[in-house]
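Work out the full structure, taking the sequences as your base and the hints as a guide.
Chain order of the listed sequences is A and B. The first sequence finishes on residue 419 if you use our numbering, and the numbering steps up by one all the way, no holes. The second sequence finishes on residue 303 if you use our numbering, and the numbering steps up by one all the way, no holes.
In short, the hints are calculated from the structure, not lab data. A couple of the hints might just be wrong.
What the hints assert, rightly or not - Simulated restraints, written as ranges between beta carbons of each label pair: (1) A:103 <-> B:139: 42 to 48 Å; (2) B:144 <-> A:202: 33 to 39 Å; (3) A:214 <-> B:105: 53 to 59 Å.
Stated by the list, open to error - Listed below are the simulated BS3-like cross-link pairs for lysine-lysine, each with C-alpha atoms no more than 27 Å apart in a straight line: (4) A:347 <-> A:357; (5) A:359 <-> A:313; (6) A:315 <-> B:300; (7) B:300 <-> A:220; (8) A:287 <-> B:133; (9) A:39 <-> A:359; (10) B:48 <-> A:283; (11) A:403 <-> A:413; (12) A:147 <-> A:347; (13) A:348 <-> A:147; (14) A:205 <-> A:39; (15) B:133 <-> A:87; (16) A:359 <-> A:67; (17) A:176 <-> A:403; (18) A:205 <-> A:178; (19) A:182 <-> A:237; (20) A:39 <-> A:416; (21) B:182 <-> A:313.
Unchecked claim - So, partial list: chain B residues that the calculated Cβ filter (under 8 Å) puts toward chain A: (22) 18; (23) 99; (24) 134; (25) 147; (26) 230; (27) 271; (28) 298.
What you are looking at is a predicted structure, and each value in this text was computed from that prediction instead of being measured. Positions of the beta carbon are idealized from the N, C-alpha and C atoms, including for glycine.
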Amino acid sequence: MTRTRKPGVSRRATLAMMGAGAVTFATPWMARAQAKTIKVGMPTILSGRVAQLGTSSRNAVMLEIEKVNAAGGLAGRQIEMVIRDSKGQPQEAARVARELVNTDGCEILIDAEASSGAFAVHEVARDLGVLCIHTNSETSALTADPKQHIPNAFRTARQGVHDSIVGGSYAAAIAKAKGLKKWATCSPDYAYGRDTTGEYVTYLKRFAPDVEIISESWPKLFQPDYTEVVTKILQAKPQALYSCLWGGDLTSYIDQANIYALFSQMEVFAVNMADYTALTVVKNLPKGIHSGNRYIKTYPATPENAAWGDAYKAKYNEYPTNWSWENATAIMLLAEASKKANSADGKKIAEALRGLKIKSPFGADGTVTMRAEDQTLVGYAIGWGTTIPQEPYVPQVQAGDWKTIFELEAEWKKSKGYT
Amino acid sequence: MLLLDIDALTGCLASSACLVTQTTSGFIIGMLLFLVAVGLTLIFGVLKVVNFSHGAFYMFGAYFAMTAYQVTGSFALAMLCGAAGTALLGLVFERVFMSRVYGSDVLMQLLVCYAFVLIFDDVVRMIWGPEFKSMGMPAAFQVAPLFIAGGVVPPYYLLLIGVALVAAVILGLGLARTRIGKVIRAAAHNPGMVSALGINTGLIYGGVFALGGMLAGLAGALAAPVRSLTPGMGFSVLIESFIVTVIGGMGSILGALIGAILIGMIRSFGSLGFPLFTEGLMYLFMVIVLVSRPTGLFGKEVA
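Written as structure tokens, this is what we have:
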């Protein structure tokens, strides 16, 4: 069969023209850089199982952007947010990030991705040299590993190793006081669950050397039923249980463990319990679950923090999440750095960000700092407490000590070969 | 790494307490799975379509039950709403959409079902929102678990197993002994002949689909107090239901029951003996059944 060529423009020529057109429209983001408004791109997860967290990131950013714009924007330029859904897929996050900079002309990226996506966006930032603030990834290596370090990327999220140090020392103190020697763990079977549980156990054993892990369970992520895991733990008869299950998985687990009266048979440490997404959903929240603070408006117990939580609730009709404060902090730091540099230029802002200390509702002492050496946030409120079934949910939070955190973090970095 | 923990398994088999706890735990997982799988197998047996959107009925059952429970505060009414709501949905879905693709090839049926998996998930997202929800355990069941021979058994799970067993018995007897059951079996065997005898096959098809949807909805409603509700929650249940129907034999109700209980037991005892291989164990078992009995344990040769 022979193909006949139709007269007119060939398919190949059309494609070539379209390609050329795309390049013409895509490249001149440099030329638009001096436009009146400054575009800030934000890939985040707005659909799928984690959508609630992505939405809460967007909400927090918009809340803060309003304030910054009302005060004159970044060095006189109003901020325009361009927010896109990555569906939680790393390759999509990278594609969206690239498109935001190259096609939409964004001069700054707020990377509100989970860890998997954050590493992908990080590579885009390395490639394009654009100022990028990671707001949600808590994986320590993102900033701790010198191989990842680039001058234009910062992080305003918690860091896994900080949480493990504080959680481990808190748990060890209770283990010693109550004689809890036999421990079980139950965490989701993926990178976050394995790493976080591993680090937590390391520090728990370091502070309380006679602790022994007698049972481990690794249910898969988003597993609907945990009955076999619950009964397995009951069989092992541990004195304490650690879990880093989160979100809907954690609430399912609590509902299912509750009817086996698991919570009355052992001390339970669930790092992700004290977040409003889980606290407000569980109908029969057991009393006395130990949890790390994610975001609660009563810790730090300052008027600033309470006011921020209430303002968020007034605007969006729900409480902020852990991702909310991390994203709000990015905008607060951005605004301060721009003021200090008196510029909206990414490189100058990056320079100003290094070592910048700002007042913050989320700071352990009312301030947070962007540490210069590894460009990650320190000094944020971090602590553990026990739950009650109604507001304020975690009435008393025992604060983590940043001096200890810094010492052990330095030691940890050395052990990993990072310094 | 603990790939094989024989000590934990034999230790459990030797202790009555552990045996009771793990066996009931296996039954709970199995019976909910049975309710979903039996609908799947029934629809396949009579309508000869594989309903890939079956997980959505499980999801709707849970959401209907939660809403009914929030509005009325009655647990019984919540279960009823979960089952009745999905039955109605099944009927409408079959009459309006599925009935149009009976003659088409499998790919077409698959595409229609998959489209509805996405549509139903988005409908749930629009009505109830994207975030996960929890129905909460009714006060009547917020009691201490029972201790039977040292084993822990929550009362709610006894109810759950009971309801599922009653459904299985009614379904089995209904199909075997009643006139409607006979007509359904006849329609499964030779729809043309049944139609020629003046029986409305469309009605039977719609009815069977509604029944399948209702059973999945009942499973969702029963699971709602203990599992978190999210759009897309039907998917993982659907996958396991397929494993159950493949093991038990497509179209066999007894096969679905035995298959579901086997899967429940594999999960329950597998998590003790093979903590890192519980999921794999299910698939391995399925492969063994497929190799030794390609039609499933209770499947009949395809006519």
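Item to complete: Against chain A, run the beta carbon of residue 147 of chain B and see if the smallest gap drops under 8 Å.
Response: Given a least distance of 10 Å, the restraint on residue 147 of chain B is violated.
Discussion item. Holds or violated: the hint that residue 230 of chain B contacts chain A, with Cβ atoms closer than 8 Å.
Written reply: 5 Å, holds
Worksheet item: Keeping to a limit of 27 Å between CA atoms, is the pair of residue 205 of chain A and residue 39 of chain A held or broken?
Response: The given pair, whose Cα atoms are some 48 Å apart, is violated under the 27 Å limit.
Item to complete: Mind checking the alpha carbons of residue 147 of chain A and residue 347 of chain A for me, to see if they're no more than 27 Å apart?
Response: 20 Å, holds
Discussion item. If I claimed the Cβ atoms of residue 214 of chain A and residue 105 of chain B lie 53 to 59 Å apart, would that claim hold in this structure?
Written reply: 55 Å, holds
Practice prompt. Assess, step by step, whether the Cα of residue 182 of chain B is no farther than 27 Å from the Cα of residue 313 of chain A, and give holds or violated.
Written response: With Cα atoms ~59 Å apart, residue 182 of chain B and residue 313 of chain A exceed 27 Å; violated.
Worksheet item: Given the proposed pairing of residue 39 of chain A with residue 359 of chain A, does the C-alpha separation stay at or below 27 Å?
Response: Holds: residue 39 of chain A and residue 359 of chain A sit about 25 Å apart, inside 27 Å.
Discussion item. Check the hint pairing residue 359 of chain A with residue 67 of chain A against an upper bound of 27 Å on the C-alpha distance.
Written reply: 15 Å, holds
Worksheet item: Is residue 347 of chain A close enough to residue 357 of chain A, meaning Cα to Cα at most 27 Å?
Response: Given pair residue 347 of chain A, residue 357 of chain A holds - Cα atoms ~18 Å apart, limit 27 Å.
Practice prompt. With a cut-off of 27 Å on the C-alpha distance, tell me whether residue 182 of chain A and residue 237 of chain A pass.
Written response: This hinted pair holds, its Cα atoms lying about 8 Å apart.
Worksheet entry | Straight-line alpha-carbon gap residue 359 of chain A to residue 313 of chain A, limit 27 Å | 22 Å, holds
Item to complete: With a cut-off of 27 Å on the C-alpha distance, tell me whether residue 39 of chain A and residue 416 of chain A pass.
Response: 38 Å, violated
Hints 1, 6, 7, 10, 14, 20, 21, 23, 25, 28 from the earlier list are contradicted by this structure; the remaining hints agree with it.
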